[in-house]
Amino acid sequence: ANVRAIVMLDTAKYLQKGNLPSAVTNRDLNDGTNFRRARFGIDGKLFKDFDYALIYEFGGSGAEDAGHIQEAWAQYTAFKPWRIKIGAFEPNIGLAAAVSTSQMPMMERPGPAEVARNVAAGDTRSALQVTGNGLWGEGDAGIATRWFASAAITGNTVGVINSTGSATAQPNDEQTGVIGRLAIAPFSSTNWQAHLGVNAQLATQPNDAGSAANPRYPIQLRDRPELRVDGTRLVDTGAIDAKTASVYGAEAGLSVQNFLIESEYFKYKIDRRLTGTTPLRNPDFSGWYVQGVWVLTGENRPYNPAEGRFDAPKQNYNFNPAAGAWGAFELAARYSDLDLNYNAGSAGTAAAPDAIRGGEQKISSVGLNWYLNPDIRFMFDYLHVDVNRFNAAGVQVGQSYNALALRSQLTF
Amino acid sequence: ANVRAIVMLDTAKYLQKGNLPSAVTNRDLNDGTNFRRARFGIDGKLFKDFDYALIYEFGGSGAEDAGHIQEAWAQYTAFKPWRIKIGAFEPNIGLAAAVSTSQMPMMERPGPAEVARNVAAGDTRSALQVTGNGLWGEGDAGIATRWFASAAITGNTVGVINSTGSATAQPNDEQTGVIGRLAIAPFSSTNWQAHLGVNAQLATQPNDAGSAANPRYPIQLRDRPELRVDGTRLVDTGAIDAKTASVYGAEAGLSVQNFLIESEYFKYKIDRRLTGTTPLRNPDFSGWYVQGVWVLTGENRPYNPAEGRFDAPKQNYNFNPAAGAWGAFELAARYSDLDLNYNAGSAGTAAAPDAIRGGEQKISSVGLNWYLNPDIRFMFDYLHVDVNRFNAAGVQVGQSYNALALRSQLTF
Amino acid sequence: ANVRAIVMLDTAKYLQKGNLPSAVTNRDLNDGTNFRRARFGIDGKLFKDFDYALIYEFGGSGAEDAGHIQEAWAQYTAFKPWRIKIGAFEPNIGLAAAVSTSQMPMMERPGPAEVARNVAAGDTRSALQVTGNGLWGEGDAGIATRWFASAAITGNTVGVINSTGSATAQPNDEQTGVIGRLAIAPFSSTNWQAHLGVNAQLATQPNDAGSAANPRYPIQLRDRPELRVDGTRLVDTGAIDAKTASVYGAEAGLSVQNFLIESEYFKYKIDRRLTGTTPLRNPDFSGWYVQGVWVLTGENRPYNPAEGRFDAPKQNYNFNPAAGAWGAFELAARYSDLDLNYNAGSAGTAAAPDAIRGGEQKISSVGLNWYLNPDIRFMFDYLHVDVNRFNAAGVQVGQSYNALALRSQLTF
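Residue numbers (this note's numbering), protein chains in the order written: chain S, 33 to 444; chain D, 33 to 444; chain E, 33 to 444.
By construction, these hints were calculated from the structure, which means they are not laboratory data.
Remember, it's a predicted structure, so these values are computed and weren't measured experimentally.
One should not assume that every hint holds.
No distinction is drawn between identical chains; accordingly, a pair holds when it is met within one copy or between any pair of copies.
[To be verified] Okay, derived cross-link-like pairs now, DMTMM-like style, lysine to aspartate or glutamate, Cα gap no bigger than 20 Å in a straight line: (1) K299 to D268; (2) K301 to D273; (3) K394 to D369; (4) K301 to D371; (5) K299 to D369; (6) K275 to D386; (7) K275 to D60.
Could you build the full structure based on these sequences and the hints that come with them?
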């Protein structure tokens, strides 16, 4: 068994306007520190053909959660090129979602990818997953193509108590879903690596909150603004009573030497249950992002074919000032747009019966990452967040603000 | 230090009747998945004569609990044949109770044994225990007899927050109790192994909930229906104000080659406090079970003399389809009857003042266990549950149903 | 990575008077057992110049908490004699506060030192700390002097859910503070070791509970009576709305062979916010203790220059009755006085507007410690607690009582 740990201590300062109208919510976001992740556990191999991991999480968003299961799974690897995985883990569902949290170019995943993965994938999801990958055309100097495919049946997530003591009641019947992802990744020896992919999720049955609950089968899309020292979510569809929920995503990425550009687009659809006498139209939402990375010290972000993602650079030199070595440095920038409005109408008007005023969130951010050695990294992020959201009466409750953040990260 | 883990992911489907009367409770039990156990920790030896274990639990019944102490103890072993153990652990209190959770023939312990062990033993109990075992007559080809004895002073259990955020307040004074177990186990070389035992528990003082609480000294007998993907308990005496509570148990088991049959009977007695002007009679309850195991692939369930129990089979071959090896398979069946009624009266009548309408639960179940290797096991259980219980007005609130369950288990 | 554990199982009996007046609070403290600490984790070294530790806590005061971060930090050590530490840990802030919990001569820290360290230091505090130590005059047979200095910027503490399910809400802005400690420690070869130190803390901004909260910026001084099987605090200033809070401490210690005497004095000051129309005077409080240790078996308590503290004795012989070895024994005694009253007035009078009736707590205690081996220790403590405290109407709510306690401790 190998001991594994991921510790991320985030420090942030929110630069909010002083004269925000009183209708605006969350006018004083929490400056301070937060252990975003504090994972600890083991992984290893059993009887040659079985991998496993048991990882526990003691960090959280906004405040630290009580310790809980993060990953607990076993995987059978002898049926090549396929791997069969059972337990609780994060199923592979997208280009940004697939990246290990310790290797992401910015502190948080793009909002649209985060909303997407939480529909029927995401952290601590109980699942049965089949994944495979391979190579077409092993051309020496020419162009070859990697393929990646995965599919999973997914269930509920592990119950978590956060530090405010809130918890979710046991449902009457738990969510079930099916998800899948396909990608091809052409490349030319060491010069460039491309990635094209599609992914889809279908929550075939949302959690059943019981016949007395309203909504009985809640589906809720929401996210925090790509920084979680304050745990508040600024965009949120609220709980929608749903027969099913689905997500469709398209992925593209291109790495050329020490540059990388990535983008994803998502469409979120909710099939409403008929709860009143008049059927309401089914809402849909969308989001996309584009992000770029430039490794200043010349290393590249290598492609990981087994997961269909780009990993963090493997640095040439470790931090050792006495030897004139300072580690690796990386610049990153991103623009994301997450639109959780459906038939939102205009300012000053009451919401239509089928309207979802979840809000639209646009975030521009830049980051500088300093890799001291393979285990220690500091990240500096600067974000400009712009939230546009009406309350039920049509009054603007969103705001725009800037934020500064530092992540101190220890992983092994 | 050796790293230890026990992970059990349970998946279940409850097949309940669709036309249950509205008075029946729990008409929609939760289908889904649940980490029944997700333990992680270490054990080892210190300075030759001291054993220890530190095991933390992140799973739970119905939903996953926040991480908490499962076992934390040290044991002095140099005073042979006696072992002295102090800390929090599960004291040795019965034939089914003694079996390690990872080696049980069915997914859950028999209900009557589970109710019994929780009176003054059970998980995470703080205790000071003395255990010994030995052998009388080391006859080569003849019959010899193993003996086992244990006694313990027991206290409170470790506080646990489950995922619904509920927790028990600190009592004014904590429960104290004394427990003991004796067993003899005649055997004939490798052909057969018998086991006969008795056990007893006395909670000399229940938890003191404070002078303002009613009941002030609560004792409560209850259990879930031998499957815990839904965490609801269908039989329950409610909290009874008690001076003391006691349990007496009788144990028998016989293993012949790859067959094993086991049975236990329990009597539960509660000595009520006088809380009103009229004394109420002291209630008693009872339960029993019989279970059988047939290891289809021919291995036997070996007797563990240090704990007075039968362990899981040690398989001849590990799963390796390429070599034509599929592991070991085992069939198990059980019938259990747990009667938590006292002077329950008949249908349609109000409960007598001293009545306890805790309900009677009868469960027939069969199981198939597949051991891939010493670390990985799958269990398939089918249960027929029959609960007969009146509410205070004498209306039937019980039901009968079937359930299907799968456990995926990783232990080392 | 080295596996680390600290497990302390406390058992206590409170000997309270039977005829306490009804106004007295906490007349039935909880007899029983409690895992005061149940820590588990790892520490180690990375890339030669970095230390780290990840320690998780599953014990608690009064009842066991859900698992949470105890320590999570990394330290850079190549910039000698300075060490730079970032993460969550207990910053070095006083002579008693600096001692490792597994090496303290009595079961709990002196109350005045405990109250002090919790203002802007204490457990799980997020901090950036610089520490250094060195030696002036390396005289062979003469007198040399060790120096120790540390300073830190400190933030919030990690959110913890205790077993009653209570938790603290995320603040609007988290506390920030600065702290420092200086010490010199003259010594003469192996005969004697002295220690003189000063320390100071300033919480520059208390947690902001939000504009709707009263008090908005709460500072609260309080402590349990040097035994925590019952988790109740008998002295408590209540939450005071504060601009800043500060603590000043003076430290002295002297070890001569197998004897050690230590003492500290603390002054606590709170700078009130103006919340009404009339300014209230700023309250201040004080506390001090003196404690002595006599290692009966002749070992000494060695000075730890890197932390500015006295450690537990390193025993000459481990417990092994067969060889006539019983380990090491140590006697300890302490008197502490913690006065959390400010302008408290006299019995029978209502509190003045600026009065803080936090109460005064005087504790005399003696202890016997038995070290079986470097990993296992038993502690027997006897305490006489005397609390003098008025409620708002001037009625005595304090009491005096004795208590007996046993700690069973396993650490490595």
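Hints and how they fare:
1. Proximity of K299 and D268 under a CA criterion of 20 Å is satisfied intra-copy only: 16 Å inside one chain copy versus 49 Å between copies.
2. In this homomeric assembly, K301 and D273 come within 20 Å of each other (Cα to Cα) only inside a single copy, at 13 Å, whereas the closest approach across copies is 49 Å.
3. Proximity of K394 to D369 under the C-alpha cut-off of 20 Å is restricted to the intra-copy arrangement: shortest distance 4 Å within a copy versus 58 Å between copies.
4. Taking identical chains as interchangeable, the C-alpha atoms of K301 and D371 lie at most 20 Å apart only when both belong to the same chain, with a minimum of 12 Å there against 51 Å between chains.
5. Proximity of K299 to D369 under the C-alpha cut-off of 20 Å is restricted to the intra-copy arrangement: shortest distance 12 Å within a copy versus 54 Å between copies.
6. For a Cα distance limit of 20 Å, the shortest separation of K275 from D386 inside one copy, 16 Å, qualifies, whereas the shortest one across copies, 49 Å, does not.
7. When the C-alpha separation of K275 and D60 is checked against a cutoff of 20 Å, the pair qualifies only between copies, where the shortest distance is 18 Å, while the shortest distance within a copy is 37 Å.
When each numbered hint is compared with the structure, no violation occurs for any of them.
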